[in-house]
Amino acid sequence: MIPLENFLILSGILFATGFYGVLARRSAILILMSVELMLAAVSINFVAFATYLDGEAFSGMIFALFVITVAAAEVGLALGIVLRLFRERRTSYVDAADSLKW
Amino acid sequence: MLERLPLPAQFDRIIIAGGTAVALVLAPIVLVLLGLLIGDQISTPEMVFWLAFTVIVAGALGTVLLPNIVHAALSLIATLLGVAGIYLLLASEFIALVQILVYGGGVVILIIFGLMMTNAQDDPIVTDGSQKPFAFIVALILGSVFVAAAIDAEWGAETAAVIPFRDFGARLFRDFLVPVIIVGVLLDIALSGGIVNARAPREPEAESEAAS
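Protein sequence lines, in the order shown, are assigned to chains A and B.
For the first sequence, the tail end lands on 325 under our numbering, and the numbers increase by one without skipping.
For the second sequence, the tail end lands on 860 under our numbering, and the numbers increase by one without skipping.
Watch out, some of these pointers could steer you wrong.
Derived, one-sided and incomplete: chain A residues facing chain B with beta-carbon distance under 7 Å [as the list claims (entries may be wrong)]:
1. I236
2. L237
3. A239
4. Y243
5. A247
6. M256
7. V270
8. V290
9. A295
10. G303
11. V317
12. A319
13. A320
14. W325
FYI, nobody ran anything at the bench for these hints, they're computed from the structure.
Just so we're clear, the structure is a prediction, and the values are computed from it rather than from any experiment.
Ideal Cβ placement from N, Cα and C applies to all residues, glycine included.
If we strip away everything but chain A, and leave its shape as in the complex, we get (with noise of 0.2 Å):
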């Protein structure tokens, strides 16, 4: 049997992953992916302690079916912006999306 702690140290590991993607990444739609993986880690830790700790209750399952529907809307949201910079900046790096910075 696999002890909890694995699948902890598993999603740990992925979500620092993603955070590293996000902050080193330039390209807006290679952030949107990482952000994709630090999700993917925190449904991992909701799924893990449903199973182990929830028992009969399973409420970290129905959890991780809304962080799926609400990346999979985040996404729709994000791409649409994303197209909306290319078309006024030509380019999809959020450096260049400066307007707002003093």
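Given the coordinates of chain A, assemble chain B onto it according to the supplied hints.
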């Protein structure tokens, strides 16, 4: 012919891309062989877990490190399928199926469409990178804290039985009815918002025609 050869500046990105691709393909094979070799000491769920672990970590590293955007998107697919394997291991088949359907079938395709439509250039790994050392340090600290906390804590956990779909659906649509409705409205809003946001801007004369 000679100028078609890769320039010195591109060597490192070729090495990174090739190395990650080889690692992505070879790691599961090596792990399966290793599992066959030491099959007596390690149980099947553990073998599956470490297989998924390797696929997820290698895919995540490929997603954040590969300079070619399409390669990064393909690594993302590998990672998300590995996460679906983890869900299977955690006795929640429904979440695993939804994960494959929504991510493998929807989100990644959408992202690849976005890549194609924005004509995204490769992430230049030679020219940029003033932020990368700091990002690496912060991510390293964050990951160490997570791993240390997970090892340190006392969970007192025991595995639950497999949850039948019937109970899952009953709980989802009885106890969580209001969140389900709210998420439906959210999806609706995101759909129309995405369309409005990504639509091509109207021509000025069409604008005035619509006004008159």
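These are the hints, each one checked on the structure:
Checking A:I236 against chain B by beta carbon gives a least distance of about 6 Å; that is within 7 Å, so the hint holds. Hint status for A:L237 relative to chain B: holds, with the closest Cβ pair at about 5 Å, below 7 Å. Interface hint at A:A239: satisfied, since its Cβ lies 3 Å from the closest Cβ of chain B, which is below the 7 Å cut-off. The closest approach between the C-beta of A:Y243 and any C-beta of chain B is roughly 4 Å, which is under the 7 Å cut-off, so the hint is satisfied.
Against a cut-off of 7 Å between C-beta atoms, the interface hint on A:A247 holds, since the closest Cβ of chain B lies about 4 Å away. Annotation: A:M256 was flagged as interfacial toward chain B, and the flag holds, the nearest CB pair being 5 Å apart, inside 7 Å. Using the Cβ-Cβ criterion of 7 Å, the hint placing A:V270 at the interface with chain B is satisfied: the shortest such distance is roughly 5 Å. The beta carbon of A:V290 is not positioned within 7 Å of any beta carbon in chain B (closest approach about 10 Å), and the interface hint is therefore violated.
Given hint, A:A295 at the interface with chain B, holds; its Cβ is 6 Å from that chain's nearest Cβ, closer than 7 Å. Annotation: interface hint on A:G303 holds; nearest CB of chain B at approximately 3 Å, less than 7 Å. For A:V317, the interface hint is violated, the least distance from its beta-carbon to any beta-carbon of chain B being 11 Å, above 7 Å. Because the beta carbon of A:A319 sits about 12 Å from the nearest beta carbon in chain B, more than 7 Å, this interface hint is broken.
For A:A320, the interface hint is violated, since its Cβ never comes within 7 Å of a Cβ in chain B; the closest pair sits about 13 Å apart. Proximity of A:W325 to chain B is violated relative to the hint, the smallest CB-CB distance being about 20 Å (cut-off 7 Å).
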